[in-house]
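Below, each chain spelled out in residue letters.
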Amino acid sequence: MSWQSIVVDTFTNIILVYSLVLLSLYIFIGLYSIGEVRKHLLKNSFTDYRALASSSLAPSISILAPAYNEGANIIENVRSLLSIYYNNLEVIIINDGSKDDSLEKLIKAYSLCKTDHFVNQQIQTKAVRGVYKSSKKIYRKLIVVDKENGGKADALNVGINISQKDYIVCIDVDCILEQDALLKLAKPFLESTKHRIIATGGVIRIANGCKIEDGRLVQINLPNEFLPRVQTLEYIRAFLLGRMAWSRLNGLLLISGAFGAFDRDIVVKCGGYNHNTVGEDMELVVRMRRYMEELKLPYKVRFIPDPLCWTEAPATFKILGRQRNRWTRGTIETLQMHKVMFFNPKYGLLGMLSYPYWFFFEFLAPIIEFVGMICFLLFALSGLTNWRFFFGLLAMVFSFGIMYSVFAILMEVLTYNQYKRKKDILRLVLTALLEPFLFHPFGVWSAIKGNIDLLRKKNSWGEMTRQGFTTPKSAKN
Amino acid sequence: MIYFEVVTLIFLGIAFLMICFIMINLTIRKNRRKKYAKSKLMADLLIRNAIFSEHDDAVTDEPFPITGRTQKMLSNPHFKRLLTKELLAAKNNISGVSALNLKKLYIQLNLDKDAEERLRNCKKWHIKAKAIQELGVMEQKEYLNKIYRCTNNKNELVRMEAQTTIVKLYGFEGLRFLDIISYQLTEWQQIKLLKELSQLPPENFSGIEKWLKSKNNSVIVFALKLARNYHRFELYEQVVECLTHEMENIRLETIYTLEKIYNADTANILLERYEHETLKNQKTIVNVLQNIASDENIPTLINFLEQGDNDLKRMIVRTVANINPASIFQLKELPEANSHPLSQIIKQIEGELI
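Chain order of the listed sequences is A and B. Going by this note's numbering, the first residue of the first sequence is number 1, and it counts up by one from there. Going by this note's numbering, the first residue of the second sequence is number 1, and it counts up by one from there.
Just so you know, these hints were derived from the structure itself, not from any lab. Some hints here could point you the wrong way.
[What the hints assert, rightly or not] Straight-line C-alpha distance at most 25 Å; calculated DSS-like pairs for lysine-lysine:
{"id": "1", "chain 1": "B", "residue 1": "K113", "chain 2": "B", "residue 2": "K168"}
{"id": "2", "chain 1": "B", "residue 1": "K141", "chain 2": "B", "residue 2": "K80"}
{"id": "3", "chain 1": "B", "residue 1": "K85", "chain 2": "B", "residue 2": "K35"}
{"id": "4", "chain 1": "B", "residue 1": "K283", "chain 2": "A", "residue 2": "K141"}
{"id": "5", "chain 1": "B", "residue 1": "K280", "chain 2": "A", "residue 2": "K194"}
{"id": "6", "chain 1": "B", "residue 1": "K213", "chain 2": "A", "residue 2": "K269"}
{"id": "7", "chain 1": "B", "residue 1": "K113", "chain 2": "A", "residue 2": "K194"}
{"id": "8", "chain 1": "A", "residue 1": "K39", "chain 2": "A", "residue 2": "K269"}
{"id": "9", "chain 1": "B", "residue 1": "K141", "chain 2": "B", "residue 2": "K124"}
{"id": "10", "chain 1": "B", "residue 1": "K35", "chain 2": "A", "residue 2": "K420"}
{"id": "11", "chain 1": "A", "residue 1": "K136", "chain 2": "A", "residue 2": "K194"}
{"id": "12", "chain 1": "B", "residue 1": "K260", "chain 2": "A", "residue 2": "K165"}
{"id": "13", "chain 1": "A", "residue 1": "K194", "chain 2": "B", "residue 2": "K35"}
{"id": "14", "chain 1": "B", "residue 1": "K113", "chain 2": "A", "residue 2": "K136"}
{"id": "15", "chain 1": "B", "residue 1": "K80", "chain 2": "B", "residue 2": "K154"}
{"id": "16", "chain 1": "A", "residue 1": "K184", "chain 2": "A", "residue 2": "K300"}
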């Protein structure tokens, strides 16, 4: 046996074992999520959220919404937040040094006046220029903070310093929330007697193609464009299967920055959002969990499968590439920052399962796929392995991807069934068939670029241009 | 290599079967929706007839007329489920003679027996819990014993529904399950129970005294909430005793309760307790004092300003200013009043007073 064939065989076996473990884990995640989603749906059928909405015992919540150059839609977005049905609420808009007229528009629309507000710097942030409150009673829930530009994490930290409530809900200002979103997100904090619930998250859905009026979602439609539609499928898969399974295991590491609720006390004790990473949402959850594990305090991070928040997905490869690049860098940075937990039994399930899973199957997966593909191509071209093997393995992995996506569609149909028309479901199925060929390679390539950018120490957020639900706008942070 | 092809075919086969299942499911649902619309019409008609069959504003013993077709449909479990659902929805939204008529129809159709059967024999927690909920909405008091036994059920949802139903049926008297429960009441369940109680005319119910000494900490918390919601001043001494309980959240609830049933000594008692409390409870004490403290407590509160936490300082200044707005001048004379953070805090509170 030549040394070349030993190398090829070893490499092939490693890739094969890795693929089988990955597929097995996906099967486990898919099946394990069923119980959690079912339990939630059954429990939910007994829930009357009105009891919470009208109760003085409902947890007090501060909504934190950072805004940078959101002038085009800021008035409508804030109005939408102020109309949320919740008793014990304050809405904090943090103007992160916008260069446009966001602040002036807010001052005019909501009759804001600058106040002498003492900002308790529990978390170090860029300077606050002013805190504004409305002179009108109907806007008494609203606080607008003007600060020097420091990025999303810094803006959120200012919001945390200003907030006076027990829980914070961090959202992207341009997200569309369901009317009962806060009630649903708050309930898990009231349900546990044995564990402290430190954070909850809800499902985020793609709003492209949906009908939005006055900041409210009035009609759900499947996006017509391929990219938003494939992301719709991706979000269903990630939220309904992945996050539910990890929530059931109490091993969830990520609550999306677009919409999540956190125990303010623990966030402050952990030092708030880290502005040295572009994955500040994941990093905060990991740090909060690590804090609780180190203090040996019983805790849980909960996730609910109800669609609570609708967001606009990137509709071009350019913007999507930037987003995926940033997600990759954020994941790697977070894993680097908390490498002490890697297979560390001191951190329980977090150290022994969640962290290794993210390391091997979120961070390494695109690298292994990319390197594996190139190596197999080279081996096949040089006759060290045959083409049948190469295509056989590729077909197996791709067919698994299709099966997993179809399973996610099935779960969606059997649970929330947001896309009621048969035609829409068929389009989603078609998207699932095309995804491995048209979308997945792009995702892998963006992740590789993310790795390269991180090695080159590129740490920018990347411009995220959105088309907007009503009028075009640009958001850079 | 042949394995790859076989596995690929299996994956694609499963995907194909799932796609077929989705399509069949959607078709069945569509057909069921059409059928459902017809059944719903029948159920609505039956319910409408019951609601509007008022004779001199009183419920008669005469049974409601049921057509042969409806009778036949009642053997269909889907229709029965639909009818029950519609009946419950109607009952939740109306009162008076019409509600009594719905109750009568429910019994006439033996739906109560069905619910009891499910409660007795079904092992699935959600079916059991639904049966309890149903009997509660339909005010079926004769099943009290069976429901009461479920108030300490090992399944959280079953016991929650049983507790809520007992309170729905028996009001404050129903709270006697608090004597026996060994599981903790979640905050959510407490909110539900208080909401249920809020719909009843307040009465001088007994038991809080006993629950304040319960071995179940959540029962103590709930008893404190009851004492404050119903302004039970006569329990003042027993509530004050809870201020030294080992559990932080019980002490926290005690502070909130004392705010609602306070007397002339309460402010001093809380101020004495202040030094021994956690930061969270200290903040609550200071907050509560806004409403119950007097001018004579201001110097003690100002002394607390020497401690560290800035949020607490802000609360103290706010409380002092709310007790007596003129005391803001007293605060301004403090040596640290011109330096950070007190100077900014005083400015903010002055702004709030305007």
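A quick look at each hint next to the structure:
no.: 1; hint: B:K113 / B:K168; result: 20 Å, holds
no.: 2; hint: B:K141 / B:K80; result: 22 Å, holds
no.: 3; hint: B:K85 / B:K35; result: 16 Å, holds
no.: 4; hint: B:K283 / A:K141; result: 22 Å, holds
no.: 5; hint: B:K280 / A:K194; result: 20 Å, holds
no.: 6; hint: B:K213 / A:K269; result: 34 Å, violated
no.: 7; hint: B:K113 / A:K194; result: 37 Å, violated
no.: 8; hint: A:K39 / A:K269; result: 33 Å, violated
no.: 9; hint: B:K141 / B:K124; result: 23 Å, holds
no.: 10; hint: B:K35 / A:K420; result: 18 Å, holds
no.: 11; hint: A:K136 / A:K194; result: 43 Å, violated
no.: 12; hint: B:K260 / A:K165; result: 22 Å, holds
no.: 13; hint: A:K194 / B:K35; result: 46 Å, violated
no.: 14; hint: B:K113 / A:K136; result: 57 Å, violated
no.: 15; hint: B:K80 / B:K154; result: 29 Å, violated
no.: 16; hint: A:K184 / A:K300; result: 16 Å, holds
In summary, the numbered hints that this structure violates are 6, 7, 8, 11, 13, 14, 15.
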